[in-house]
Amino acid sequence: MYLSLKWLREFTPYDGSVERLAERLTMLGLEVEEITRPFVHLQNIVVGRVVETRQHPGADRLSLCRVDAGQGELLPIVCGAPNVAPDQFVAVALPGTALPDGKRITRAKIRGESSRGMICSEVELGLGEENDGIMVLDGPLVPGQDMLTVMDLDDWVLNISITPNRGDCLSMVGLAREVAVEFNLPMTLPDTRVIQDGPSCADALSITIDDPDLCPLYQAGIIRGIAVAPSPPWLRHRLLTIGQRPINNVVDVTNYILMEWGQPLHAFDRGLLSGNSIRVARAREEQSLVTLDGRTRRLLPADLLIWDAEKPVALAGVMGGANSEVTQTTTDILLECAVFNPISIRKTSRRLSLTSEASFRFERGVDQPGSRQAMNRALALIRQTAGGTVMQGIAAHEPHPWQPPRLVFRPARAKKILGVDLQPEFCRQKLAALGCAVDVQDAQAWRVQPPGFRPDLEREADLIEEVGRCHGLDRIPATLPRTARSLDWLHSLAPDTAFRKTVKHWARGIGLTEAINYSFVSSQDLALMGLDRIPAIGLRNPLSEDQNVLRPMLAPGLLQSVRHNMTQGNTTLRLFETSVIFQPDPDSETGALEPSRLGLALTGNRHPEGWPWPMEFVDFADIKGCIDHLLRHLHLPHAAYAPLDEHPICLPCAGITLGGEMAGWLGRVKSEIADHCHVRRDLFLAELDLTLVQRWHAQSRLEFKALPKFPPVRRDMTLIAPPDLALCKILEAIQAEAVDLLQEILLIDRFVPLDKPEARLTLRLTYRHQDRSLTNEEVDKTHQKLSQRLASLLPVRFS
Amino acid sequence: MPASGSDPSGQSARDLTHHLEGLVPELETVLAATASDQELEAVRVQFLGRKGRLSGIMSELPKLAPDQRPLVGQIANQIKSRLQALVDQRLSRLKQDKELKVLTYFDPSLPGLTAWQGSLHPITLVTEEICAAFGSLGFELVEGPELETDFHNFEALNLPPDHPARDMQDTFYITENTLLRTHTSPLQVRTMLRKRPPLAAIAPGKVYRRDSDLTHTPMFHQIEGFLVDTDVSMTDLRGTLTAFVHKIFEPKTVVRFRPSFFPFTEPSAEVDISCMLCGGSGQSAGAPCRVCKQTGWLEILGCGMIDPAVFTAVGYDAELYTGFAFGLGVERVAMLKYGIGDLRMFFENDVRFVSQFA
Ligand SMILES: [Zn+2]
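Taken in order, these protein sequences are the chains called A and B. So the number in my numbering is just where the residue sits in the first sequence, counting from 1, plus 38. So the number in my numbering is just where the residue sits in the second sequence, counting from 1, plus 209.
Fair warning: there could be bad hints in the mix.
Okay, the calculated bits of chain B under chain A, using three or more residues with CB under 8 Å as the criterion [unchecked claim]: (1) 332-344; (2) 461-469.
List of simulated lysine-lysine pairs, DSBU-like, C-alpha gap at most 30 Å [unchecked claim]: (3) A/Lys-539 with B/Lys-415; (4) B/Lys-415 with B/Lys-404; (5) A/Lys-141 with B/Lys-502; (6) A/Lys-539 with B/Lys-404.
Distance ranges between label pairs, derived from CB positions [as the list claims (entries may be wrong)]: (7) B/Leu-529 with A/Leu-672: 42 to 48 Å; (8) B/Leu-529 with A/Gln-479: 25 to 31 Å; (9) A/Pro-833 with B/Met-554: 51 to 57 Å; (10) A/Arg-231 with B/Pro-497: 46 to 52 Å; (11) B/Pro-497 with A/Glu-323: 55 to 61 Å; (12) A/Asp-809 with B/Ser-564: 49 to 55 Å; (13) B/Ser-490 with A/Asp-190: 34 to 40 Å; (14) A/Asp-249 with B/Leu-529: 37 to 43 Å; (15) A/Thr-756 with B/Gln-255: 43 to 49 Å; (16) A/Glu-71 with B/Ser-490: 19 to 25 Å; (17) A/Pro-270 with B/Ser-490: 33 to 39 Å; (18) A/Gln-781 with B/Lys-310: 22 to 28 Å.
No lab work stands behind these hints: they were computed from the structure. Think of the CB as a built atom: it goes at the ideal place given N, C-alpha and C, for glycine as much as any other residue.
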C-alpha cells in the first residue's frame with residue numbers, strides 16, 4: 039500500500055518528518071519498506087515563457103523558440119510540438135537535466151540551429167500518458183521557478199506492507215487513523231455531502247440479492263448526463279503519486295475512493311445495462327463472462343455475479359464485465375458500492391488467478407457501515423469532475439446489517455499476557471481512539487464494541503494486542519521464564535533427529551562432507567534411472583516438472599550434487615546426506631511414511647592430495663569401509679553383503695543385510711548414469727536405511743568382556759580359490775566347523791595372479807584356550823585338520 | 210704391547226697387572242674407531258667377551274702364587290669395570306651421534322598424513338547451535354513429519370480454509386488434505402496434543418513453500434520454539450529471544466520487537482536485531498550498509514503469544530494457560546552469521562562451499 043504524505047495530511051495534521059512517520063508506522067506493525075519522492079525530478083524543470091516562435095529554416099515541423107526561463111537571457115530552443123505558441127507558460131528542461139525516462143538534455147544543434155533546452159510534454163515529465171504536444175501551464179507564472187513547487191507535487195510516498203488482518207489500512211483514511219492515534223492528533227474525515235438533484239434512484243432501480251450470505255449489502259447510485267473525459271490534473275497526479283494509471287474521470291474517481299476509503303466501487307455504463315434491476319446471484323452452470331481485461335472467464339456456480347435484467351455484467355467484487363464498461367460515449371452511469379463475502383471472493387479470485395485492488399480488499403473485509411459515506415463521496419466527485427445530475431438517494435438492499443461484536447476487555451488479562459501493567463486510562467483512551475465504543479462501568483471487565491472498519495477485532499485477545507501495540511511491543515521488558523518440566527519428558531520426543539545427529543557427526547569424523555538436497559526430484563529423472571517402479575508421492579501443484587515428486591530415495595539428489603560439483607571442477611567427492619525419504623502409506627495419518635536414510639557418494643582420490651599420501655582412487659572397498667565403520671561405531675554386528683543381480687543405479691551392486699533384514703545397498707554407479715554426472719573416475723554410491731539401523735542400535739547393549747588370561751597362537755593359511763568363491767563362504771565354512779579354540783579369522787592378504795583365474799587368500803587364524811596355554815603341537819593339529827576339512831568342503835587348494 | 214703368547218710359566222703378578230692395565234689404553238684406541246653399534250659390539254666381545262682379552266689374562270691367574278692371587282684378582286675386577294665403562298661411554302656416544310644424524314633430516318614443516326577433514330552443512334551447524342542455545346534454557350527437542358495434514362499445518366493454528374493469511378504461505382499440496390508443511394508450527398499442535406503443560410520445546414526441520422526466486426527456495430529450514438505454562442507473558446518471550454540472540458550473535462546485539470501478524474499468535478511480533486555489520490548505524494565504511502540496506506536492523510524471526518484458538522484446538526484451557534511461540538529461518542541466521550550472500554548455495558552442495566564449515 040502506498041501512502042502519500044500530502045493525502046494523509048488532508049485527514050490528520052501530521053507535521054513531523056517523513057522518516058519519523060515511517061519509523062512510528064513500522065513500530066505500529068505497518069512496516070514501511072521504502073520511502074520515495076515520486077515527482078522529485080520536477081525540481082530540475084523550470085517554468086519558461088515562450089517569447090517568440092518562428093519556423094525552423096531547415097525543417098517544416100520544427101519551431102525555433104526564444105524562451106525566458108529565468109536565466110537572465112532568452113534561450114533559443116528548438117521545439118517539435120505543433121501547439122507551441124508565444125506567451126505560453128511551459129516546462130523547460132535546461133541542459134544537464136535528466137528526465138524520468140533517463141534522457142539527459144544537452145546543448146545541441148538541431149538541423150543547424152542551436153537549442154539550449156527542451157520544452158517538455160506531460161509524458162516527458164512523467165505526468166501523463168497521452169502525448170498532445172507540450173504541456174501548457176496556466177499562467178501567469180514566474181519564469182525560472184521549479185516545477186515541483188509550481189505544480190504543488192512535492193510529495194513523499196511510503197510503501198507499506200500491510201498484514202492480512204489489517205484490511206482497514208489498505209486506505210489513506212485507515213492509515214491516517216493509525217497516525218492520529220499514534221501521535222495523538224485529531225482525525226478529520228473527508229466531506230461526504232453530495233448534491234442530489236435528480237429524481238429518486240430507488241424508484242428507478244430494484245435490487246435483489248439471491249444469496250445474502252455472499253452479499254450482505256448492495257447499494258447503487260445513478261448519475262445522468264455526464265461527460266467522460268480525462269480527469270483534472272489534481273486527480274491524475276494523485277493517482278500517479280501512488281502508482282495508479284489514470285484512465286478517465288469516472289474510473290479515476292472510483293479508484294481514488296478505493297484508495298482513500300478502502301471501499302471498492304464499480305461504475306457501469308447505465309446505457310448498456312438492460313432493464314431497471316440489479317440482481318446479485320451465482321453463476322449458472324457453464325457460464326462465462328468477458329471481464330474488463332478482455333479475457334473470457336469460465337465460471338462455476340460458486341462464483342458470484344452481478345446481473346442486469348438479462349445478463350451477467352460483473353464478476354462480483356473481482357472485476358467488471360466488458361459488456362457494461364464505461365467508455366468515452368457513456369452518459370449515464372450506475373455506481374455500485376457493495377460488500378461481499380471475503381471467502382467467496384477469495385475462492386473465485388484464486389481459482390481464476392485474478393486479483394484486483396477490489397478483490398484484495400473484499401478478501402480482507404471492508405467497512406460495511408462506512409461504505410455509504412464512500413459512495414456519497416464518489417458520487418460528489420464524479421459530479422464535480424464529469425458533471426451530470428445525481429439521482430436522489432440510492433437504491434440499496436442490506437439483508438445482513440453489520441452487527442458490532444460485543445467484547446470484554448479485562449485489564450488484568452492484558453497484564454497477564456503482556457507482562458506490563460498498563461494504566462487503565464491509557465487503554466481506554468487508545469481503544470476509543472481506534473474507534474471502539476468502550477464502557478468501563480465494570481472496572482474488571484470492560485464492554486467494548488469495535489468499529490465497522492475493524493472486522494479483525496473479534497476477541498479479547500485482539501483488544502489486548504491493540505493496547506500492546508499502542509504501548510509499543512518494543513517497550514516490553516525482558517525476563518526469563520521458569521521452564522518447568524514433567525518427568526515424561528525424559529523419553530526423547532525426537533529420537534530420529536537425535537540419531538541422525540549421531541550419524542552426521544560420525545560422518546564428519548571420518549572425513550565426509552554433508553550435502554542437503556531438495557526433498558523433491560523430477561519424476562522424469564526417476565524414470566530415466568529406472569526408479570519409477572519405486573512407489574513415490576507426487577505433488578499436486580509442483581513449481582516445475584523438475585521438482586514434481588517427493589524423493590523415494592536419496593540417490594537421485596546425491597547424483598545431482600555430484601553433477602553440480604563435477605561441473606565446478608570438484609572431481610574428488612566424499613559426500614553424505616542424512617534425511618527422511620517419502621513412501622506412500624495409506625494407513626498413515628499423512629498418507630506417508632518418512633523413514634530416515636543415509637546416502638554416501640565417493641569418487642576421485644582415495645587420500646588427500648600430495649605427499650606423503652600415495653596417489654590412489656577410491657573403489658568399492660572405500661565405500662564398504664564407510665558402512666562397516668558406521669556399524670562398528672554404533673556397536674552393531676557385522677552386516678552381510680551379497681551381490682544384487684539387478685539394480686537401477688549400480689553395477690556391480692551389493693545388498694546390505696543386517697540381522698537378516700535388508701538394510702541398504704552399495705555399488706559402483708553404472709557408466710551411463712556416471713557419464714550423465716560428468717564423473718571421470720568411478721563413482722560409488724551407498725544408501726542405508728537409518729530407521730532400521732536405529733532400531734538395531736536401540737536394541738544393542740554395550741557389555742564388557744573379560745580380557746583373556748592366556749596368550750594366543752596364530753597360524754596363517756593361504757588358500758587358492760576360484761574367483762567366484764566369496765570370502766564369506768570360506769569364513770562360514772570355517773565357522774561351521776565350530777573349532778572351540780579358534781577365536782578370530784582375519785584376511786591378511788589377497789593376491790590375484792594375472793595369468794590364472796584364481797585368488798590367493800591368506801587368512802590369519804588366532805587360537806586361544808580360556809584356561810591354559812596352548813602347545814604348538816595341539817594348535818598345529820587343529821589347524822591342519824581344519825585345512826583338510828576346507829579342502830574337502832570347498833573348491834580350494836592350499837599353496 | 211705385551212704379547213699374550215709369551216711363555217705363561219714365567220708370569221709374575223707384576224706382569225699380569227701390567228697386561229691388565231695395558232688393556233685400557235688399547236681399548237680406548239680401538240673404541241675411538243668404532244662407528245656403529247655392530248662394530249662396538251664386536252670390540253666389546255673382543256675385550257670383555259667370554260673368550261676375550263680380559264678373560265684370556267684372567268685365565269693366567271691360577272698360575273700365580275696363592276698369596277698374590279687376591280690382589281691381582283682385585284685389580285682385574287677394577288680393570289673390567291673400567292673397560293665396561295669405556296664401552297658404555299662409547300655406546301651412549303654412538304647413540305647420541307645417531308640422534309644427531311636424525312635431526313639433520315628432521316623437517317617438521319613437511320606435511321603430515323592428515324586424514325580427510327569432514328564437514329557438516331552450515332544449516333546443520335547453525336541448527337545445532339540454536340538448539341543447544343535453547344536447550345540450555347530448558348527447551349526439549351521435538352520432531353514430526355514433513356508431510357502434514359491440513360489440520361496440523363493450518364486449521365489447528367487458527368488458519369481456516371480460505372483465510373487470506375494462507376497467502377503468506379503458498380503451499381505444496383499432495384492431496385486435498387495433505388501437504389508439505391509450510392512451517393514447523395504443526396509441531397506446536399502435535400506436541401500439545403501429546404503432552405500437558407508445562408512444556409517448553411524446540412522443533413527444527415525442513416519446511417516447504419511454493420516460491421522460488423533469488424531470495425526464496427522451495428525448501429528451507431525452520432526452528433520452532435514454544436513454551437506453555439500457567440503464567441507466561443510477553444516479557445518471558447522477549448527475555449528468551451534476547452538470551453538466544455546474545456548466545457548466537459554478539460552479547461551487545463540489540464533486539465527489537467515490532468508488531469506483526471500471524472494467525473496462531475496474538476499479539477504477534479517480528480523480531481529485528483541490530484545489524485552486525487554496521488552496528489545499527491546503517492552506514493558501513495562510509496557507504497550505505499549492504500547487509501541491512503541502511504535500516505540498521507535485520508529481521509530475524511517471528512513470534513508471539515500463542516493464540517487462544519490454538520489452545521482450544523488442542524484441548525487446553527485457554528483461560529488457565531498462556532504461552533509463547535516463535536519460528537526462525539535457519540538459512541537466514543546462517544547467512545547473517547557466516548556472511549553468506551546467496552541463498553541458493555545452500556542446496557547446490559558445492560564442496561568448496563560446504564567444506565568451509567568443517
Ligand atoms: Zn547494517
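Hints, verified against the model:
Evaluation of the coverage hint for the segment 332-344 of chain B: fulfilled, as 3 residues show C-beta separations to chain A shorter than 8 Å, against a requirement of three. By the rule of at least three residues with a Cβ nearer than 8 Å to a Cβ of chain A, the coverage given for the segment 461-469 of chain B holds, with 6 such residues. Pair hint A/Lys-539 plus B/Lys-415 holds up; C-alpha atoms about 15 Å apart against a cutoff of 30 Å. As the CA atoms of B/Lys-415 and B/Lys-404 are separated by approximately 23 Å, the hinted pair is consistent with the 30 Å bound.
Between the alpha carbons of A/Lys-141 and B/Lys-502 the distance comes to roughly 28 Å, so the proposed pair stays at or under 30 Å and holds. About 24 Å separates the Cα atoms of A/Lys-539 and B/Lys-404, which keeps this hinted pair within 30 Å; it holds. At about 44 Å, the beta-carbon gap between B/Leu-529 and A/Leu-672 stays in the expected band of 42 to 48 Å. A hinted range of 25 to 31 Å holds for the C-beta pair B/Leu-529 and A/Gln-479, which are about 27 Å apart.
Checking the proposed 51 to 57 Å range against A/Pro-833 and B/Met-554 shows it holds: the Cβ atoms sit about 55 Å from each other. About 48 Å separates the C-beta atoms of A/Arg-231 and B/Pro-497, a value consistent with the hinted range of 46 to 52 Å. B/Pro-497 and A/Glu-323 have their C-beta atoms about 58 Å apart, which keeps the hinted 55 to 61 Å range intact. Taking 49 to 55 Å as the suggested C-beta distance range, the pair A/Asp-809 and B/Ser-564 conforms, at roughly 53 Å.
In this structure the supplied range 34 to 40 Å holds for B/Ser-490 paired with A/Asp-190, their Cβ-Cβ distance being about 36 Å. Evaluation of the 37 to 43 Å hint for A/Asp-249 and B/Leu-529 yields a pass: the beta carbon distance comes to about 41 Å. About 45 Å separates the C-beta atoms of A/Thr-756 and B/Gln-255, a value consistent with the hinted range of 43 to 49 Å. The hint said 19 to 25 Å for the Cβ distance between A/Glu-71 and B/Ser-490, and at roughly 20 Å that hint holds.
About 45 Å separates the C-beta atoms of A/Pro-270 and B/Ser-490, a value inconsistent with the hinted range of 33 to 39 Å. Range check, A/Gln-781 to B/Lys-310: Cβ separation about 43 Å, and the 22 to 28 Å hint is violated.
Of the numbered hints stated above, those contradicted by the structure are hints 17, 18, listed in ascending order.
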